[in-house]
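2 protein chains.
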Amino acid sequence: MTIESPTRHTVKTYHRARFRGDVATAAAQIGEGFTFRSPFITSDSPTGHLDGLDRLLGIVTSVELISELYGETEATLIYDIRTAPAVGITQRTAEHFRLHDGRITAITLIFDSAPWQAIMAAAGPTAPSP
Amino acid sequence: MTIESPTRHTVKTYHRARFRGDVATAAAQIGEGFTFRSPFITSDSPTGHLDGLDRLLGIVTSVELISELYGETEATLIYDIRTAPAVGITQRTAEHFRLHDGRITAITLIFDSAPWQAIMAAAGPTAPSP
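Residue numbers (our numbering), protein chains in the order written: chain A, 16 to 145; chain B, 16 to 145.
Be aware that a few hints might be false.
[Claimed, not checked] Examples of chain B residues toward chain A, derived with CB under 10 angstroms:
hint : residue
1    : Pro54
2    : Glu83
3    : Ala137
[What the hints assert, rightly or not] Reference excerpt, derived from the structure (chain B facing chain A, CB under 8 angstroms, subset only):
hint : residue
4    : Arg70
5    : Ser82
6    : Gly86
7    : Thr91
8    : Phe126
9    : Ala129
10   : Gln132
Bear in mind the hints are in silico, worked out from the structure with no lab data behind them. Where a beta carbon is used, it is the ideal one built from N, C-alpha and C, also for glycine.
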């Protein structure tokens, strides 16, 4: 599972870029007809789902990769996103990627939005969303 | 990704048994020191997380497998659980398995609990929980 396949290379490049706030590098891994879906966002533009990334990263203290599994044209990462004590959420996340010609054509992000719903309701419309 | 490895065999056997309500076959895939974690349940008994399975299956109309990826000692399934119109939830789910000696030693279930929280709050303590 540690062989550097094109799928693994693209997904890892995207994942690392996203969590250091490098939108250009993350977007460069996105292919034609891309779709994104999470509990909070549905987007079909290459970077629409990365809007507000800086605000999210402003409260993230670490990202711990728990699992990475790769197929020929898909991958699933499981990771914990830890946030600052003031937020206090550890978001266990599953991220499923579909790829075509070495580029990401679909991402589905799965996590429990319930803790965020409570925080966003309390903080109002300027709260960061994951 | 369709080679029948021991990991794949155990995980598929568990998955199918769970969704037809066959607790005995599901539990037979569980190994020593098992832990289970989901947004609603933390359990370390072989079948504690399967309590109330009948109530859940009573509202499930179909399970659509979206992705299955296998490593040597782990696996991740992504699937949609569709529920009866009265419930109206399609629960996109990620299920991560760790295995040892061909048996499942840990399951982490990731899904958005927010829609269920609302339903359970409205229905009270007898509502089925996923």
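Hints broken by the structure, by number, lowest first? 3, 4
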